[in-house]
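A.B. asks: Assembling the complex is the task here: the two chains are given apart, and the hints tell you how they should meet.
Listed below are the residues making up each chain.
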Amino acid sequence: MREVAVVGIGCTQFGEHWSASFRDLFVEAGALALNDAGISGEQIDALYVGNMSAGRFIEQEHIGALIADYAGLASNHTPSTRVEAACASGGLAFRQAAIAVASGMEDVVVAAGVEKMTDVGTGASVDTLAGAADREWEGFAGATFPGLYAMIATDYMHRHSLTREQLAQVAVKNHANGARNPIAQFRQEITIDTVLNSSLVADPLRLFDCSPITDGAAAVVVVPLERAREFTDAPVRMLASAQASDTIALHDRRDISTLDATIAAGRRALKLARLEHADIDLVEVHDCFTIAEICAIEDLGFCAKGEAGRLTEEGVTARDGGLPVNVSGGLKACGHPVGATGIKQICEVVQQIRGEAGRRQVDTEIGMTHNVGGTGATVVVHILGAC
Amino acid sequence: MVSRFWRKIPQRYNLVGTRCETCGRHFYPPRTFCPDCRRGGKIVDHWFTGEGKVTTYTVIRTASNQFEHATPYVLAIVELDEGPRLTAQIVCRPEEARIGMRVRRVFRRIAADGESGVIHYGTKFVPA
Numbered sequence: 000m001r002e003v004a005v006v007g008i009g010c011t012q013f014g015e016h017w018s019a020s021f022r023d024l025f026v027e028a029g030a031l032a033l034n035d036a037g038i039s040g041e042q043i044d045a046l047y048v049g050n051m052s053a054g055r056f057i058e059q060e061h062i063g064a065l066i067a068d069y070a071g072l073a074s075n076h077t078p079s080t081r082v083e084a085a086c087a088s089g090g091l092a093f094r095q096a097a098i099a100v101a102s103g104m105e106d107v108v109v110a111a112g113v114e115k116m117t118d119v120g121t122g123a124s125v126d127t128l129a130g131a132a133d134r135e136w137e138g139f140a141g142a143t144f145p146g147l148y149a150m151i152a153t154d155y156m157h158r159h160s161l162t163r164e165q166l167a168q169v170a171v172k173n174h175a176n177g178a179r180n181p182i183a184q185f186r187q188e189i190t191i192d193t194v195l196n197s198s199l200v201a202d203p204l205r206l207f208d209c210s211p212i213t214d215g216a217a218a219v220v221v222v223p224l225e226r227a228r229e230f231t232d233a234p235v236r237m238l239a240s241a242q243a244s245d246t247i248a249l250h251d252r253r254d255i256s257t258l259d260a261t262i263a264a265g266r267r268a269l270k271l272a273r274l275e276h277a278d279i280d281l282v283e284v285h286d287c288f289t290i291a292e293i294c295a296i297e298d299l300g301f302c303a304k305g306e307a308g309r310l311t312e313e314g315v316t317a318r319d320g321g322l323p324v325n326v327s328g329g330l331k332a333c334g335h336p337v338g339a340t341g342i343k344q345i346c347e348v349v350q351q352i353r354g355e356a357g358r359r360q361v362d363t364e365i366g367m368t369h370n371v372g373g374t375g376a377t378v379v380v381h382i383l384g385a386c
Numbered sequence: 000m001v002s003r004f005w006r007k008i009p010q011r012y013n014l015v016g017t018r019c020e021t022c023g024r025h026f027y028p029p030r031t032f033c034p035d036c037r038r039g040g041k042i043v044d045h046w047f048t049g050e051g052k053v054t055t056y057t058v059i060r061t062a063s064n065q066f067e068h069a070t071p072y073v074l075a076i077v078e079l080d081e082g083p084r085l086t087a088q089i090v091c092r093p094e095e096a097r098i099g100m101r102v103r104r105v106f107r108r109i110a111a112d113g114e115s116g117v118i119h120y121g122t123k124f125v126p127a
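Chains as they are written, first to last, in numbering that gives the first Met the number 0: chain P, 0 to 386; chain E, 0 to 127.
Chain E extracted, bound-state conformation (with noise of 0.2 Å):
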């Protein structure tokens, strides 16, 4: 459980996806393996400026029991400025979500393995 979440720390803390040097596409979830370059890709990591768009979201009111004490919240589909897009939640409140609204990442608590358990911190975006 702790293994599975602490493995992508650098990921998920500090928005650290990989770029293919072969074409230049940036992924953000990290992919190690690029779908256009394939095996003529070379992949290396890429710090992400964690500016971005809200391409899509929703307000989610009915949720699975890790967030239920966090409802409502919104959930977005953030199209990052180089490119990769990601699901994350919006720090706003829910009428002030819209498409297009610019973002940028911020630190925060994400969930955790009830009472005792991990807590999982991550990336949320703000309205920049």
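Chain P extracted, bound-state conformation (with noise of 0.2 Å):
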């Protein structure tokens, strides 16, 4: 198996892109990370896509031809493969690009994300989103997306230490990130009272706790590490990549609040780099809800369960801290394009690693990623060093 390389990332402005569509997201992002990596469209092998909804967003299917075509690439028949895993898409489709170059099958691969959600209104956005966890068992019953989420979190606080509080600071601190993100969806900070007074969407969970719909873009070009310095004098290195499944449906997991399919593709991700939780400088983490980012430093095994609320509200977490979560603003300030967040997590941890984050900069020689599908039925996490 050959080691793998990012050799050039790309992303669109996370936002409501009104005069924006499907097509012209992914051809800016894609765009922009051959631009990066400094090669042409004839000189990509194969392109992995992850989104998870267009056939309900924009009601179009067939998402891989239909970008390597308005990509420019129709004439050279490149492989185009569509990835679909829920919110996790994006991180399955860099995992599915690492595979074929790892494998020697490909050379030159681009993995992208897109999503373009606000073509519908929000009662249809809620019920597609819905469709992530178990639509004949959950979404039947009335389940709505953070309704799912607002239940681990009633199940959490009633057994752990987790204060309303130490919930509204994930976001607080979030949005402080996202502020200093020029591709952030919000780039305003916001106070736990701004949480706290939000209205209500699940309870216990508000406005605030919950991250957007928003549209948007990211690409990466995957190389074998070999050929790296071909394409840039900055190449990141993946470490480890591994994904893990668990029940479609919260209510059969193992522990309501817990993610057991975290738990097995944070070890496995550490065990195939080598390396200790100590080792990892940064981590970009699934905060579709504040609860998730809370679950994810505990189930990644960063801290004991029931220690995350406390570690947030000491600034453990936060940007200068000793453990600095999602630095681009996660899901919550930056924006959550399902399709295109597991991309934008790997672009963050590249930029971070090359040291091109401005204001956002944190010293980061190794970084992890953390992308979730469903309520914790896929979760794929990744590893990224500096050569």
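Simulated from the structure, these hints should not be mistaken for lab results. Some hints could be false.
[As the list claims (entries may be wrong)] Here are some, though not all, of the chain P residues that point toward chain E, as calculated from beta-carbon distances under 8 Å:
1. Asn34
2. Ala129
3. Gly146
[As the list claims (entries may be wrong)] Partial list, computed: chain E residues near chain P (C-beta under 10 Å):
4. Ile59
5. Ala62
6. Gln65
7. Ala75
8. Thr86
9. Lys123
By construction, the Cβ of each residue, glycine as well, lies at the ideal position given by its N, Cα and C atoms.
C.D. replies: Structure follows, in structure tokens:
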């Protein structure tokens, strides 16, 4: 198996792009990534595209070919594959690209993620996202996606130590980070009162506990490590790729407020990279809701169950803390175009390792990404490091 | 649209799940393949008593279009006395809901496919 490196990254602005279509978004991200890697389209051997639900958001399927076509690669007949694992589609697309390169089957592969969510109304969007959980036995009963994470929060707060203010601090911290990220959907700092005074979505979660509905795309160029310096002076090496599954429905989990798939993927990634938690300089976790970041920090093993709220309150997970979490602003403030999020996480860690993260720069040699599909039915963890 | 709902009527109206005769584990929502015994399992239908308790809950304030008219409503994970857990609404005031509360199943209207489409009936729970 060959070692794999990232040699190009590109990300659109995240937000409500009323004037940009699905096609406009991925073409922009792809062009940025190719330009960053200094390559042209005909050099691409294959494309893997993470997308959750173009079928319901823009009534378009067959995304792989569409993207290859509008990226100008139809006449090259470049193979292009859509990858879907709900909100983990992007992370999984990166993993598929890495597997293709590692295997020796392909050399220059683009992993992309794209989601265009604002062409439908909020009700339709909520209903589409609920498809990340069990449609027959959760959605049928009236479960929404925030509602499922709210039930995780209720269970967590009943059994572990976590105050409503500590939960709000996750959003406050991520907005402070987003304020320093030029691509973030929300670049305003907020206070704990902003969260506590926002409207209830699903008790105990309020509007500012939830990641927004976002349009956006991101792309990265993956090559064999041995060829990386042909493309860049600052390649970033993939140290580990791990993926895990769990029950599709939250009610079938061993423990409602523990994501066992996060535990499994996190452990496997560290083992593959031969690293300890202390070696990780920063981590981008899947904070689709504030409670999700609390669970992620614990289930990845950075602290014991019940401690992440206190660590967040004490500033350990802040940009200048001992374990910076979601320096990009996370899903909460940077935005969450579901299929693009996993690739955006890779882009953020690559930028941090290269020292190109501007006002949110953290001294980083090794970074981790954690991308979750549904309420934890798919988890993808990657570890990236400087060469 | 109709057949998708109709084929699950016994399970939804009467809380009929399944049981593995090999290991004795109960399944609701029903499974036709035992995750423990796999091909060694023997799955048969099982009528649940419909008694259980609330494992966790929330109050849904923002719902999808189909459930918008019903907000706010209490949604919970209920653990049946036979072991399995399922997601269902609790028919009670939001402030009444609490973890550990005993509940029993009732037959209720859940949602409808628009103004003239099929009406979905199924299981909700009430405080026991």
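A.B. asks: Among the hints numbered above, which are violated by the structure, and what are their numbers in rising order?
C.D. replies: 1
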